[in-house]
Amino acid sequence: HGVRVNSVCPSLTITDMTASLTDNAALMAKFAERIPLGRAATADEVASVIAFLASDDAAFVTGVNLPVDGGVGASDGQPRFG
Numbered sequence: 002h003g004v005r006v007n008s009v010c011p012s013l014t015i016t017d018m019t020a021s022l023t024d025n026a027a028l029m030a031k032f033a034e035r036i037p038l039g040r041a042a043t044a045d046e047v048a049s050v051i052a053f054l055a056s057d058d059a060a061f062v063t064g065v066n067l068p069v070d071g072g073v074g075a076s077d078g079q080p081r082f083g
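Residue numbers (the numbering used here): 2 to 83.
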């Protein structure tokens, strides 16, 4: 049938909906400590992953839950020191 089913699992993403968090510099610094890439995602970054999954480049990709989380899922989520 050719149906592919995938999902994107973003972490904190800068959008109008998250502005109450992302506009707070002190709070964002705490979040950034837990994200190995050191920042929140942009909506365009998440959209790019969705576009890839919908493209012919991902024709053989199905059944995937793809984290778009700056490495949070691959880390222990603890603040970095040093």
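Hint data in this document are derived by calculation from the structure and do not stem from the laboratory. Every value quoted in this text rests on a predicted model; they were computed, and no experiment measured them. Careful, some of the hints might be misleading.
[As the list claims (entries may be wrong)] Now the in silico label distances, taken between C-beta atoms and shown as ranges:
(1) Asp-77 - Gly-3: 38 to 48 Å
(2) Asp-57 - Ser-8: 28 to 38 Å
(3) Asp-58 - Ala-26: 30 to 40 Å
(4) Ala-48 - Val-4: 14 to 24 Å
(5) Val-4 - Ala-26: 40 to 50 Å
(6) Gly-72 - Ser-8: 41 to 51 Å
(7) Ser-56 - Ser-21: 30 to 40 Å
(8) Gly-39 - Thr-16: 14 to 24 Å
(9) Gly-74 - Asp-24: 22 to 32 Å
We put the beta carbon where it would ideally sit given N, CA and C, even for glycine.
(request) Look at the Cβ atoms of Gly-74 and Asp-24 and judge whether their distance stays inside 22 to 32 Å. (result) Holds - the Cβ-Cβ distance for Gly-74 and Asp-24, about 25 Å, lies within 22 to 32 Å.
(message) Can you tell me whether the CB distance of Asp-77 to Gly-3 sits inside 38 to 48 Å?
(response) Taking Cβ atoms as reference, Asp-77 and Gly-3 lie about 39 Å apart, which means the hint holds.
(request) Could you say whether the range 41 to 51 Å given as a hint is met by the Cβ separation of Gly-72 and Ser-8? (result) violated (19 Å)
(request) Using the Cβ atoms, figure out if Asp-58 sits within 30 to 40 Å of Ala-26. (result) Holds, at about 37 Å.
(request) Check the following: the C-beta atoms of Asp-57 and Ser-8 are separated by a distance inside 28 to 38 Å. (result) Given about 19 Å between the Cβ atoms, the range is violated.
(request) Could you see if the CB distance from Gly-39 to Thr-16 stays within 14 to 24 Å? (result) holds (19 Å)
(request) Given the range 30 to 40 Å, decide if the beta-carbon distance of Ser-56 to Ser-21 lies inside it. (result) About 33 Å separates the Cβ atoms of Ser-56 and Ser-21, which means 30 to 40 Å holds.
(request) Note whether the CB distance of Val-4 and Ala-26 lies within 40 to 50 Å or breaks it. (result) Holds, at about 44 Å.
(message) Quick check: does the Cβ-Cβ distance between Ala-48 and Val-4 fall within 14 to 24 Å?
(response) holds (22 Å)
Checked against the numbered hints given earlier, the structure breaks hints 2, 6 and satisfies all the rest.
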